[in-house]
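Q: So you can see what is in the structure, the chains are spelled out below.
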Amino acid sequence: MKSILLGTAALAITASVAFAGSHSVVRMGTEGAYPPYNFINDSGEVDGFERELGDELCARAELTCEWVTNEWDSIIPNLVSGNYDVIIAGMSITAERDEVIDFTQNYTQPDPSSYLALEGADVDFEGGVIAAQANTIEAAFIASSGATLVEFATPDETVAAVRNGEADAVLADDAYLRPIADENADLVLLDRQELIGGGVGMGLRESDTELKDKFNAAIQSMKDDGSLNALLAKWEIGPGF
Amino acid sequence: MFSFCADPASLGDLAWMACYLTTGKHMAIYTSVFTVLLLLAITAPTALAFGFIGASSARSHFPPLSWIGKAYIAVVRGVPDIAFFLFFVIALDQLFEWIRHEIKCPDWTDSIWQGNDFVVCDIAKLPLGNAPQWVHETYGFMLAVLTFAIVFGAFAANVLYGAMRAVPHNQLETAEAYGMSRRQVYWRILVPQMWVFALPGLSNLWMVLIKATPLLFLLGVEDIVYWARELGGAKTARFTDYPHGDWRMWYFLALLVFYLLFTRVSEIVLDKVMRKLTHGQATLAGEAQRKAA
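If you read the protein sequences in the order shown, they are chains A and B. If you count the first sequence from 1, you need to add 219 to reach my numbering. If you count the second sequence from 1, you need to add 723 to reach my numbering.
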């Protein structure tokens, strides 16, 4: 036991001498299960709109970034306790979240949320059963709408719930549901959409204002030169700026 | 991986499957099998050591030590695993960081709690913010091992405590009559004989430990159940070369087979160990072995 303690102490001391300095590596936390925003590609790496955006923002802000995945449910607690520095996971800017963490300016327009249901299903928006991912703006919306909310930990499970009849429809970001509806003949997007949320931004610790300013400047520069619009169009995420 | 995998859409079923099962993503699930096995290999002896220390101190004749041992057994066994795993790991991590913070940054004037944020100076972070990802993963893994060891150590301590009391008292008295010291009685008579009483309980714990490994994901370690869910979920052609429907059933079926095989092998091995330990013991099974021989 003693040698273990000594060993860790020695390791810790040498390690901290070797590198010091704030944010020489910025750890980017994402979910990795919400295409086209973020997902794990065939070779097992984080990919998607936010991967490209994040890499570009880091290059512009001259930061070294590293990608980590974390479960959606505990994505905010792990940011606050310092396991990574940024949440970049298709997270809409809301007042509740803003009380706990800080957001950069939005890098997508408020994306309408759509309903996905089985072909020919008659969905009752006020009294039916609607699925949504837990801790999302869609889940909060349904909870206050009068319909029965069934929550799931991952977006994929919400769609599976519609398939097997557990829910009448699923409410999620349009950009997430559209490719699913396009490729599956048995699933359709309903005409009704909900306008909720204030666009997607990066989440940071409230005490981390320096990093927030850097990312805000980088996002602004991408908005100004049109490269953000090009990315939004490439990944088919809502309207541009 | 294979050279013919360049255009998966054009492949026949068998070749498609071969390519699909060897994508980088699938390599991750194969690696995670080893993560789980490694976790078990490290956790089991550590938990046993925790249990042994816990049980020994609970039996101690020195009251404060015995209180500590008994409190450890009672508290950890009483707290739900999931609460323990969710709360304890973040708390443990913050405790380590706070200790390092106090040592390394004595001049720090701000509070470490700023609103919701837990903020320590950069050089006190554990692992350091700029450490490579594998260091973070190893650290997370070690935290997981420690947490598992503390939880299962408490159960093991309870089992060992009971086993120590099950050793016939006259054996210990006889040893004392031969002039052995208390320490000698403990190490030469009590400990060798208690295992046969402890093994049924310990083997039970081992089985529970095998099945508890999916809790790893709560600790941020990507285990086989996480990957099975991720890989099995429906995939659309826009984001992968291998689109498929909801295949979670097949992945979970594979997990089922894996866990069943693993527990079956464990059972066989544990039976063998039990037969060995029973040999020559003053128990019913030991007596039966003696008569059969």
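Warning: the hint list may mix true and false statements.
Pairs of lysine-lysine residues, derived as DSSO-like cross-links and limited to a Cα-Cα distance of at most 30 Å, are as follows [as the list claims (entries may be wrong)]:
no.: 1; chain 1: A; residue 1: K433; chain 2: B; residue 2: K793
no.: 2; chain 1: A; residue 1: K453; chain 2: A; residue 2: K433
no.: 3; chain 1: B; residue 1: K827; chain 2: A; residue 2: K433
no.: 4; chain 1: B; residue 1: K999; chain 2: B; residue 2: K1014
no.: 5; chain 1: B; residue 1: K934; chain 2: B; residue 2: K748
no.: 6; chain 1: B; residue 1: K748; chain 2: A; residue 2: K453
no.: 7; chain 1: B; residue 1: K827; chain 2: B; residue 2: K793
no.: 8; chain 1: B; residue 1: K995; chain 2: B; residue 2: K1014
no.: 9; chain 1: A; residue 1: K442; chain 2: A; residue 2: K453
Source of the hints: derived by calculation from the structure; they are not laboratory data.
Q: State for each hint whether it applies.
A: Hints, verified against the model:
Only pairs whose Cα atoms come within 30 Å are accepted, and K433 of chain A paired with K793 of chain B is rejected, the gap being roughly 53 Å. At roughly 25 Å between alpha-carbon atoms, K453 of chain A and K433 of chain A fall within 30 Å of each other, so this suggested pair holds. For the hint pairing K827 of chain B with K433 of chain A, the CA-to-CA distance comes to about 28 Å; that is within 30 Å, so the pair holds. At most 30 Å may separate the alpha-carbon atoms for a hinted pair to count; K999 of chain B and K1014 of chain B meet this at roughly 16 Å.
Distance check on the hinted pair: K934 of chain B and K748 of chain B sit about 24 Å apart at the alpha-carbon level, within 30 Å; holds. For the given pair, K748 of chain B sits about 24 Å from K453 of chain A by alpha-carbon distance, which is consistent with the 30 Å threshold. Of the supplied pair hints, the one linking K827 of chain B and K793 of chain B is violated, its CA atoms being roughly 35 Å apart against a limit of 30 Å. Between K995 of chain B and K1014 of chain B the CA atoms are separated by roughly 19 Å; this keeps the pair inside 30 Å, and the hint holds.
Only pairs whose Cα atoms come within 30 Å are accepted, and K442 of chain A paired with K453 of chain A is accepted, the gap being roughly 15 Å.
When the structure is compared with the earlier hints, violations turn up for hints 1 and 7 and for no others.
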